[in-house]
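Engineer: As a plain string of letters, each chain reads:
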Amino acid sequence: MAASLDAAQGLSRRPPGRPTRAARLRLSGLFWRHPWAKALLLLAPPLLAFLLVYVASLAALFVSSFWTIDPFTSELRHVWNLDNYRTLWEAGAYHSVALRTIGIAAAVTLADAALAFPLGYFMARVAGRRSRAFVFVAVLLPLWSSYLVRVYIWRLILADDGVLNWTLRKVGLPAAHIGYSNWAVWLIFTYVWLPFMILPVYGALERIPESFLEASRDLGAGAWTTFRRVVLPLALPGVVAGSIFTFSLTLGDYVTPLLAGGASSQFIGNVVYDNITTQQTPFAAAFATVPLAVMGVYLLLARRLGAFEAL
Amino acid sequence: MSRIRRSHVLVAALAAALCVPASGVAAGSGLPTTIGKGEGALNLIAWEGYTQPQWVKPFEKATGCKVTAKYAGSSDEMVTLMRQGGGTQYDGVSASGDASLRLIYGHDVQPVNPKLIPDFKNFIPALKSPPHNTVKGVHYGISLQWGPNTLLYNTTKVKPAPKSWSVLYSAKYRGKVTVPDNPIQIADAALYLAKTKPSLGIVDPYELNQKQFDAAIDLLERQKPLIKKYWALASDEIDLFKNGGAVVGASWPYQTNTLIAAKAPVRDLIPREGATGWADTWMMSAHAKHPNCMYRWMAWVSTPKVQAQQAIYFGETPANTKACAVMDKLAKGSAAQYHCGASKKYFDSIRFWKTPVADCGNGKNTCMDYTKWQQAWTQLKG
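If you read the protein sequences in the order shown, they are chains A and B. Our numbering applies: residue 292 is where the first sequence begins, and numbers increase by one. Our numbering applies: residue 498 is where the second sequence begins, and numbers increase by one.
Honestly, the hints are just simulated from the structure, not real lab data. Fair warning: there could be bad hints in the mix.
Looking from chain A toward chain B, a few residues come up when the C-beta cut is under 7 Å (computed) [stated by the list, open to error]: (1) W358; (2) T359; (3) E381; (4) S387; (5) V388; (6) D451; (7) P465; (8) A466; (9) G470; (10) P524; (11) G553; (12) Q557; (13) D565; (14) T568; (15) T569.
Glycine included, each C-beta is placed from N, C-alpha and C at the ideal position.
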């Protein structure tokens with residue numbers, strides 16, 4: 292009787308039962324007393340993966356950019372030097388590549404913001420339930436098809452004898468020779484990254500309370516003033532959040548310039564890729580730090596504009 | 498005296514003992530004399546169109562070697578892939594002349610015994626021991642096919658029909674020109690300058706001193722505004738010619754074949770300045786895991802039938818002279834079209850791709866090596 296009571300209370304003398312249960316109790320007590328311990332347990336696996344996969348590879352990238360390659364055997368020489376950065380600094384070709392990349396990334400971001408704002412406004416404030424759902428699907432649907440397929444389709448549309456010029460000719464306009472050029476690259480990027488701008492802009496606009504707009508109207512502001520002084524400042528963090536995606540995605544891409552670009556359409560990514568196929572990995576690493584630095588500055592600016600609260 | 502002589506005898510005896518051939522290995526050279534049992538698998542790096550099911554399927558059936566092929570887009574990529582993972586990943590590569598020497602001097606490929614390739618004796622003499630795959634009498638591979646880089650043009654848009662490479666450098670077809678995105682393209686500019694500016698004294702388009710190199714880069718800089726696109730894949734150039742993006746360009750016969758099959762109005766030629774070209778070699782990795790299958794593959798692709806099939810498919814010239822008759826059987830007139838069994842004069846008129854090195858071949862080390870070519874090309878495109 293006494294033995295069965297012990298067993299019922301979990302106090303049995305069977306060796307495996309007691310310590311595990313006690314340990315479990317002690318552990319849960321520990322987590323209750325120290326919430327940080329629970330957080331640590333939850334975060335440990337992703338944090339470890341983050342450190343190993345992400346931070347460690349970035350560190351390796353940065354370190355290898357200070358090494359060189361033996362020109363004859365193509366073997367890595369672990370001699371610390373700044374030669375790769377000196378080449379980057381001195382050769383004008385790399386300046387124009389970097390400026391082109393940053394310039395087109397900025398132009399893509401502006402174009403996407405200009406397109407996304409009215410659409411986001413329509414979705415958030417004008418559309419009914421059903422038309423909003425329809426626009427949502429329309430915005431997200433292209434993301435279901437391969438990026439490569441969409442770039443190739445645009446290449447066909449913009450080709451000299453493509454759909455665009457065929458249409459222009461039908462309506463009596465002169466042909467546009469923008470296939471295989473930086474215009475084509477800009478247009479395709481603007482198209483493929485647009486959903487990444489629309490969603491945060493829509494989110495920011497939707498969060499503006501209707502009462503703010505009414506208050507603005509009651510205080511005598513016209514539509515334009517309300518937009519400029521109420522809607523725009525409140526939606527800006529959403530636009531900046533979206534711009535982080537459009538800007539960084541363009542900055543790191545090399546497929547679209549390769550497939551749809553012209554004779555002068557090299558991006559930083561293309562130079563990095565070329566240097567890796569020719570085994571100049573340290574130089575590739577050095578050039579790859581440029582977009583990292585640009586993105587670092589961009590994220591600092593974005594934080595000051597409140598983009599992270601909007602995400 | 499007698500002691501020295503005795504030690505000589507001892508060394509000689511030792512050397513003789515070491516040289517006793519293990520079964521299947523030739524005395525001294527360490528090359529195999531027979532092909533052993535296939536290992537059941539073969540991993541290859543090849544140019545697009547070099548491992549077609551047409552001749553890979555029968556090979557697998559005959560030898561039991563299952564072929565896995567990876568296409569490479571450039572010689573640089575081939576070299577990188579061959580070195581990847583300690584060089585054990587791939588058994589062989591269809592290297593062009595601008596990659597083969599890099600692979601030989603980088604110890605990435607191993608010597609092979611041509612006696613194990615029955616069709617080797619039928620190869621045109623120039624491709625039995627060519628300098629791009631045979632160093633100091635040691636064969637580092639078996640020649641495969643060769644051909645010229647051609648001038649491709651749209652017959653309805655380019656009139657009169659071009660006879661010179663100058664059409665790629667003149668403003669007449671501004672924005673309608675396309676050339677390969679490949680540093681070896683500098684040699685095409687150098688070849689053109691060798692004929693049009695003799696004062697530069699260019700003898701070999703792959704051996705350029707600083708002055709000649711600068712002149713070639715300058716010509717390419719002036720060509721750049723005329724270029725629609727530097728094509729990276731053969732299919733890019735095919736698209737450009739189909740969609741009217743380009744009407745004239747530097748090409749391979751493969752693109753011409755594909756475009757003509759698609760009824761595009763194009764033709765190609767070797768302009769009067771001559772042409773650069775390629776001569777490809779199947780080479781075996783120094784660390785090949787399936788050497789017997791690789792030997793069987795090299796023997797297979799050297800047979801007249803496979804040589805003919807590949808020549809017609811890609812649009813190039815087989816190394817095996819016995820393939821010419823098979824070509825005409827497969828497609829009438831194809832042997833003549835692709836210069837099968839061509840004269841030495843025609844062969845010598847093509848300046849085959851080779852890796853530019855600092856050694857100019859005249860005792861001077863003042864030539865621009867390939868690293869310089871790559872850097873100049875990247876900066877040209879920049």
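Engineer: Each hint needs a verdict: does it hold in this structure or not?
Structural biologist: Each hint tested on the structure:
1. Restraint check, W358/A versus chain B: the minimum CB separation of about 16 Å is more than 7 Å; hint violated.
2. Using the Cβ-Cβ criterion of 7 Å, the hint placing T359/A at the interface with chain B is not satisfied: the shortest such distance is roughly 11 Å.
3. Checking E381/A against chain B by beta carbon gives a least distance of about 11 Å; that is not within 7 Å, so the hint is violated.
4. The restraint placing S387/A at the interface with chain B holds, with a minimum CB-CB distance near 6 Å, inside the 7 Å limit.
5. Proximity of V388/A to chain B holds as hinted, the smallest CB-CB distance being about 5 Å (cut-off 7 Å).
6. Of the supplied interface hints, the one on D451/A holds, with its beta-carbon coming within about 4 Å of a beta-carbon of chain B, less than 7 Å.
7. For P465/A, the shortest C-beta to C-beta distance to chain B is roughly 15 Å, which exceeds 7 Å, and the interface hint is violated.
8. Look at A466/A: its Cβ only gets to about 10 Å from chain B, farther than 7 Å, so that hint breaks.
9. Hint status for G470/A relative to chain B: holds, with the closest Cβ pair at about 6 Å, below 7 Å.
10. Taking 7 Å as the C-beta contact cut-off toward chain B, the hint placing P524/A at the interface is violated, the least distance being around 41 Å.
11. The interface hint given for G553/A is met, as the beta carbon of that residue sits about 6 Å from the closest beta carbon of chain B, less than 7 Å.
12. With 7 Å as the threshold, the beta carbon of Q557/A comes within range of chain B, its nearest partner Cβ sitting at about 5 Å, so the hint holds.
13. For D565/A, the suggested interface contact is upheld, since its CB lies about 6 Å from the closest CB of chain B, less than 7 Å.
14. A distance limit of 7 Å between C-beta atoms decides the matter here; for T568/A the minimum to chain B is near 5 Å, and the interface restraint holds.
15. For T569/A, the shortest C-beta to C-beta distance to chain B is roughly 5 Å, which falls under 7 Å, so the interface hint holds.
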